[in-house]
Amino acid sequence: MIRLEKRAQPSKVWTYATPLLAVVLTMLAGGLLFAALGKDPVLAIRTIFYEPLFGQHASFYLPQLLVKAAPLVLIAIGLSLGFRAGIWNIGAEGQYIIGALCGAGVGLAFYPTESVLIFPLMVIAGGLGGWAWAMIPAILKTRFGTNEILVSLMLVYVAEKLLIGMSLGLMKNPEGFGFPGSRNLAHYPSATSWIDQSLGLHWGVAAALIAVIAAYILLTRHMLGFNIRLAGQAPRAARFSGVNPNRLVVFCLGTSGALAGLAGLFEVAGPTGSVTDSFNVGYGFTAIIVAFLGRLHPVGILLAALLMSLTYIGGGIAQSQSELQLPAAAIQLFQGMLLFFLLATDLLTNYRLRLTRGATA
Amino acid sequence: MSELFAAHGLRKAYPGVIANDDVSFSIDTGEIHALLGENGAGKSTLVKMIYGLVKPDAGTMTLLNAPYAPPEPRAARGSGVAMVFQHFSLFDALTVAENVSLGMENPPAASKLAQRITDVSEDYGLPLDPHRTVGDLSAGERQRVEIIRCLLQDPRLLIMDEPTSVLTPQEVEILFATLEKLRAEGTSILYISHKLEEIRALCDRATILRLGKVVGHANPREKSAAELAEMMVGTALHRPERELSPPGEVALEVANLTLQPANPFGTALRDVSLSLRKGEVLGIGGVAGNGQDELLAALSGEALCAADEVKLHGQPIGRLAPPARRKLGLLSAPEERLGHAAAPDMSLTENALLSANLRKHLSRRGFINWGAARRYAEEVIEAFDVRTPGPHVAARALSGGNLQKFVIGREIEQAPEVLVVNQPTWGVDASAAAAIRQAILDLAAEGCAVVAISQDLDELMEISSRFAALNGGRLSEPVPVDDSLTMERIGLMMGGAHDMEVAHNHPSQVPA
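Same order as they appear, the protein sequences are chains A and B. Going by the working numbering, the first residue of the first sequence is number 1, and it counts up by one from there. Going by the working numbering, the first residue of the second sequence is number 1, and it counts up by one from there.
Among these hints, one or two may not hold up.
[What the hints assert, rightly or not] Keeping only pairs whose Cα atoms sit at most 25 Å apart, straight-line, the calculated SDA-like set for lysine to any residue is: (1) B:K48 <-> A:R352; (2) B:K360 <-> A:R236; (3) A:K6 <-> B:V17; (4) A:K6 <-> B:A397; (5) B:K48 <-> A:L353; (6) A:K6 <-> B:K360; (7) B:K360 <-> A:M223; (8) A:K6 <-> B:A268; (9) B:K55 <-> A:P235; (10) B:K327 <-> A:N246.
Please keep in mind that the hints were generated in silico from the structure rather than gathered at the bench.
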């Protein structure tokens, strides 16, 4: 019989080993799944994990990896701060949309003027937009004690409606022959977030790296980060220490909202280029998985976002490749498995498995 | 008398520590047997093995001369071994009868059970109304629920872990009368306590543990408390010395403080007033749940009140948060070590930072100086003899006594002007308790004003210059600690024994 025994201290080794174990288990279980679908499991796993990195078209896929990972990192870093403090922002998708709308709005308003000030203004507008959208659950929570999970999630659907309204109305391209969607900001030199499109580099990639470093310093070197961790681990001790829970709610929701808004702005001004009704593809929700997959640790989140975007790109190849043609649902299931195994193996950090002989009555 | 229970060469090792090694002792039928030892001496592990919570690595036990090896508590209860834990496992929102029924294998119908509870409570002089909600009960009454739950199983051996720590003197008398009655009926009791006078008054024999080994057996009636303490600690115990300095100017003033509790089962503070001079130790007694936590929160700044309801050196601080109060020299140490005074999963270094950041300048412009924090943690560990491999260890890995030394030391080493402590030596072994009390007295001798909230009256008598009692959220007029302050008088200040009579209706929670 297997018994669980609580460790005196969380295991350092397993904290780092469980994500790797989860990836291996996902490969095994995913392989079984693909085999059951009648596909070659080895080829499928190889296509997902190997092809984008080292395959013959790697030079095409690698920039995509950066483009997909950047918004995930930005959003997940912000979310992880709140998650550490026990503040659950589930509405990053909405903040991402509002950030994109505000930033794009500034850019479109200046079209076709060229100035180096336009892009910085868009960045500020994007961050502020996401921040303001996150302030709604923050103020409702601190003033009236509402649940931030529900409020932030509901606001995602409000933001989606606004997005549709904007792409069909106010922001619609006047030279777009009646098609929905705004002008393409990627083709507007003063407003684009691209640095080098062929390398997959845009300002969002740079911002994501800065966010990783800043979050790392905040959490390990700064009192604010210490208070965030303290509030999440021992709320009463945090109060005793003097942490003001309301201020923490405002800070965590505000920061995650602003980062999500920035991610939206960099995306709309680069990779997608324009405000359309299908602008958002779920980065705000996937970032939740990324945050946990990365152990709520900045460097972990960076790696997790790269892994996640690898499964997206690899999954995309596996779907389209003629020999495989994996169904999209199988790919989603595969990604779901990753989170499932991660949470399951997380147990090993705090508990050790003990084999006991015989069953006790 | 015949032998009821015996342990032979019990051994239990955990990674890095041998909790019990070659422990042998026996309990006779109808005997109250004391188990004495410092915290970490292995008492808990030993009784957990007897109660089936932990399996011994080696050694055997016998019950009525038959081999006894309970794989789990249910089997232990089936063999007639029952245990009253130090921490109650009761649901506040349920009634006494519902709580008792939850702990039984085959609970009888509700009406029958209520009758049985009433019968047992009358037989043993433990007044308890089965229909009252547990959340409304005093700590002493809650303990009675646990005891009656055990007695309904007709145990042969009743294990009691530090049962008097939450009782008023009058309630202790009631408990002792019950235990003596049980003894007369032939029930054996294994009694764990560090209160030596109690053990001398009650117990027939004592087994003394030190560092996991039996270091002796004694008849506690023939030994003095000092002798027993010496056997327990291994060296002569240092009694705190009180160096009385003339009280200085008023440091802390509380005036007509009235405060609603933060949680629904808390106690409201009602019109609390006190004034505390430099160099004074004000002892505040009272049964748990009479406003101790709320008073500490109001003084530490975790609960805010009107600005001039609390004054420090004449300055109103009622609206100030804990960090601002710390800056002014008002420090505090809450009762609950894990989760309130310290974050369980954080290291001692991080826990040092938790309350000492401002006064010890452990950060600059918000950036933490981890080296300084670690050095401060090491300073506390060194000064208060905290037994731990180092400051990197998580707080939850320390024993209760060691962590208590750390959280008290963390405040004292910051040189407070006013220190508020709640239960400073709760669940701490005799030598650690003596060290903590001495540190509090030394602090007072240096001119610090101390508010010591405690349920241990002996402790309060030892360290306080004045004494007041909390009862239902009201604070009695403080009186000087001298010979005129008898246990009898203290008991009355604390509200006497709670509900000496079996209650037949729901009495109002607040005494008139």
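Taking the hints in turn, this is what the structure says about them:
no.: 1; hint: B:K48 <-> A:R352; verdict: 21 Å, holds
no.: 2; hint: B:K360 <-> A:R236; verdict: 22 Å, holds
no.: 3; hint: A:K6 <-> B:V17; verdict: 16 Å, holds
no.: 4; hint: A:K6 <-> B:A397; verdict: 11 Å, holds
no.: 5; hint: B:K48 <-> A:L353; verdict: 22 Å, holds
no.: 6; hint: A:K6 <-> B:K360; verdict: 35 Å, violated
no.: 7; hint: B:K360 <-> A:M223; verdict: 14 Å, holds
no.: 8; hint: A:K6 <-> B:A268; verdict: 38 Å, violated
no.: 9; hint: B:K55 <-> A:P235; verdict: 35 Å, violated
no.: 10; hint: B:K327 <-> A:N246; verdict: 22 Å, holds
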